[in-house]
Amino acid sequence: MIRVLGVVTMVVACVVFAGFLGLAVWQISGAPAPVNLPGLLAENLEASGVEHPVTAVLLNFRSYDTLLEIGVLVIAGIAGISMARTTSLEDPDLRTSDSLLYALQRWFVPLMLLLAGYLLWAGSDRPGGAFQAGAVLAASGVMMRLGGIPMDFLRPGMLLRLGLALGFTVFLLVAVASALAGEAFLAYPEGFAKPLILAIETVLTFSIAMVLLALFVSAPVNRAQEPEEGERG
Amino acid sequence: MIEWLLDGLLVLALLITAVAVLASRNLFRAVVMFIAFGLLMALAWVRLQAPDIALAEAAIGAGLSGVLLLDAARHLGYNRGGPPK
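From first to last, the protein sequence lines are chains A and B.
Every letter in the first sequence is one number past the one before it in our numbering, and letter 49, counting from 1, is 49.
Just add 1000 to wherever you are in the second sequence, counting from 1, and you've got our numbering.
Fair warning: there could be bad hints in the mix.
25 Å max Cα-Cα, derived SDA-like pairs, lysine to any residue [claimed, not checked]:
1) A/K194 x A/S178
2) A/K194 x B/I1053
3) A/K194 x B/A1050
4) A/K194 x A/A42
5) A/K194 x A/A179
6) A/K194 x A/P53
7) A/K194 x B/R1029
8) A/K194 x B/P1051
9) A/K194 x B/A1023
If you are wondering where the hints come from, they were derived from the structure by calculation, not from laboratory data.
Construct the entire structure; sequences and hints are all you get.
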């Protein structure tokens, strides 16, 4: 009875929410946009150094947002690592004996690495970019981790710290350098926009992958509570 | 006509999976439904002509969040409310 009541409440809440959403969409579609953003973007796309409008916005026109985003990600990664028990980062007996996963991994990991590289490069003129590439890179790392391939760089130490901070640091350095050179904060110098964006995207990809992977790897392993891990699989 | 049908089915499936995530007593099932929701959401973004967001949603929203949630669900025990078995 209570369950039915709960479902009914949920459905009513959803309908009311959908109603308000519909109303909002109706009102927005009625009012004319104050600034013609797509037009503005198309006019300035030449100056941005990349051909894809989304990448141009993310890495050039509103790169401040992206800088803060990678900052948030790095902080999340540090928090995740500090919550971890260090033993879980070097867990030799996590190696699986699942032959299906092993076979799959031999095919998938190289393909996923290739896909990550492609997504990174594709970001300049079609959908793709650092975040997607980083996520794919992290996913291949997760797969390697599940297959028990040792990844020494994920142990707490110099390499992990460097990897986590690399993207944010390079981004910030470029921003500060352009500010010191007399232009605005985060304004790329004329003619250097594309190489700089590409460099930033590359280090961002590595850092994003590192953060996501570190979050996954540093999840605690409570062996005491569940002695038979494969049982529930 | 066929596009409206496709979009309608997509919205319906999104609502069903979303309710299934919230209403499921079993955490494992909830996470699987969440992953399905993420993939359907990626399709919805494609239909809205936002392939960038679709890529990010599929990779981060469905893929990595799904893995992290599965991990968390295993540590919590799969049954919501009760003590872990």
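Hint check results:
A distance of roughly 15 Å separates the Cα atoms of A/K194 and A/S178; the hinted pair therefore holds under the 25 Å criterion. Of the pairs offered as hints, the one joining A/K194 and B/I1053 holds, with about 22 Å between alpha carbons and a cut-off of 25 Å not exceeded. Proposed proximity of A/K194 and B/A1050 is supported: the alpha carbons are some 23 Å apart, at most 25 Å. Using a Cα cut-off of 25 Å, the hinted pair A/K194 and A/A42 holds, with the two alpha carbons roughly 17 Å apart.
For the hint linking A/K194 to A/A179, the alpha-carbon distance of about 18 Å falls within 25 Å, and the restraint holds. Simply put, A/K194 and A/P53 have alpha-carbon atoms about 13 Å apart, close enough for the 25 Å limit, and the pair holds. About 45 Å separates the Cα atoms of A/K194 and B/R1029, which puts this hinted pair outside 25 Å; it is violated. The straight-line distance between the Cα atoms of A/K194 and B/P1051 is roughly 22 Å, inside the 25 Å bound, and the hint therefore holds.
Restraint check: the Cα-Cα separation between A/K194 and B/A1023 comes to about 48 Å, which exceeds 25 Å; the hinted pair is violated.
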